[in-house]
Every structure is written in structure tokens, then in C-alpha cells.
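K.L.:
Sequence:
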Amino acid sequence: MPMSAVPESAKVVRQVATSGVLSALAVVLALVIRFPLLPAAPYLIYEPSDVPLLLAAFRLSPLWVTGISAAVAVVMGLTGSGGLIGMTSRFVGSAALGLTAAVVYQRVAARGRGKVVSVVAGVVVYTLAEVALTLILGPLFFGDLQTALAMILPVVVPFNLIKGGLNGVAALLVDTGVSVWTGRSSRAE
Numbered sequence: 001m002p003m004s005a006v007p008e009s010a011k012v013v014r015q016v017a018t019s020g021v022l023s024a025l026a027v028v029l030a031l032v033i034r035f036p037l038l039p040a041a042p043y044l045i046y047e048p049s050d051v052p053l054l055l056a057a058f059r060l061s062p063l064w065v066t067g068i069s070a071a072v073a074v075v076m077g078l079t080g081s082g083g084l085i086g087m088t089s090r091f092v093g094s095a096a097l098g099l100t101a102a103v104v105y106q107r108v109a110a111r112g113r114g115k116v117v118s119v120v121a122g123v124v125v126y127t128l129a130e131v132a133l134t135l136i137l138g139p140l141f142f143g144d145l146q147t148a149l150a151m152i153l154p155v156v157v158p159f160n161l162i163k164g165g166l167n168g169v170a171a172l173l174v175d176t177g178v179s180v181w182t183g184r185s186s187r188a189e
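All residue numbers for the sequence shown refer to UniProt numbering, where the first residue is 1 and numbers rise by one.
Hints listed in this document are in silico derivations from the structure and should not be mistaken for laboratory results. Don't take each hint at face value.
Unchecked claim - SDA-like cross-link-like pairs, simulated, lysine to any residue; straight-line CA separation at most 20 angstroms:
no., residue 1, residue 2
1, LYS11, THR66
2, LYS11, SER61
3, LYS11, VAL21
4, LYS11, LEU63
Based on the sequences and whatever the hints tell you, model everything.
P.N.:
If you want it as C-alpha cells, here you go:
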């Protein structure tokens with residue numbers, strides 16, 4: 001049945017269910033798959049929690065994607081993963097990635113490479129957001145601004161480009177498999 005024929009209440013139920021499942025999957029992935037990517041910064045841990053977020057960016061509105069980012073950040077903060085700085089960083093970074101991907105995807109979905117373009121844009125904004133967070137929160141974590149500044153080019157930028165890139169590629173592969181398996185397009189609104 002085309003989405004225009006789906007009653008508004010059914011659409012909302014589908015969005016809530018999709019958001020809940022993707023949020024739960026993001027938390028599970030963050031808790032189960034964790035490892036350092038860069039020997040220079042073993043405290044920066046890769047985890048694939050942004051894969052479900054990017055899948056949401058292809059299926060839900062930017063508002064829902066931001067809500068998923070907030071829900072995952074709060075749950076991870078409550079489980080002791082990074083404290084307040086980690087929770088803030090997780091929310092801002094994930095929201096920057098997911099929100100950018102969702103907005104760009106809405107604008108370019110009809111084009112052949114809309115998902116790829118949206119993921120690349122999301123990874124770039126995500127990396128820039130994490131650089132900004134390093135400038136703002138870095139002195140609290142590292143003890144001073146000089147140390148935080150010294151970490152940006154050799155650690156923060158490569159880590160976030162690699163993490164965002166890995167999560168982006170994984171999301172594109174999963175989305176392709178889901179789309180083929182279900183025979184549906186991505187946007188569920």
C-alpha cells in the first residue's frame with residue numbers, strides 16, 4: 001500500500017517502532033562491539049552504534065533521527081560509558097552524522113547516489129563536530145587546551161573519519177541488503 005494511503009496513526013506507529021528497534025540495536029552494538037582503532041589514542045573506542053542511526057536517516061525524518069541519537073546517548077551515559085563528557089560527545093557527534101545524512105538524503109534521494117552522498121556529508125559534519133567538541137570539552141578531558149589542540153590533527157580527525165567511514169559503509173551494505181530482501185525503498189514516512 002502506498003504511504004499516502006496509510007492512515008496517519010499507522011504511520012506514527014511504524015515510526016515509533018522503527019525508532020525503538022534501531023535505538024535498541026544501536027545500544028546493543030555499542031555495548032557488544034568495542035575496540036580501539038588508533039594506537040595513539042586507545043581511549044577512543046570504535047563501536048558501530050551509528051550504523052542503525054544511518055539506517056534511520058534513510059527511513060525516518062531528521063527529527064526522529066535526532067531523537068534516536070538522544071535516546072542512545074542517554075542510555076549509554078546511564079550505563080557508565082564515558083560519563084557526561086562521553087554522553088555529550090556521543091549525542092552531538094551522532095546527531096551531527098545522522099541529522100546531516102537525513103537532511104541531505106531528503107534533498108537528493110531521487111538521485112542515484114543519494115545515500116552515498118548523504119553518508120559522506122554526514123561523516124564530514126560528524127568529524128567537524130567532534131573537532132569542535134575537542135576544542136570545547138577537550139580541556140576537561142585532557143586537562144588543558146594545548147593538549148586538546150595537539151590531539152586534533154593526529155588523533156581526532158583520523159579517528160572520526162575512520163569510524164564514520166566504517167559505519168557509513170556498513171550502513172550502506174546493510175541498507176542494500178534490507179532493500180533487496182524486503183523489496184522496499186528506504187523512506188518509511
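K.L.:
Evaluate each hint against the coordinates.
P.N.:
Hint-by-hint comparison with the structure:
no., hint, result
1, LYS11 with THR66, "holds, 18 angstroms"
2, LYS11 with SER61, "holds, 12 angstroms"
3, LYS11 with VAL21, "holds, 15 angstroms"
4, LYS11 with LEU63, "holds, 15 angstroms"
In the structure shown, no violation is registered for any of the earlier numbered hints.
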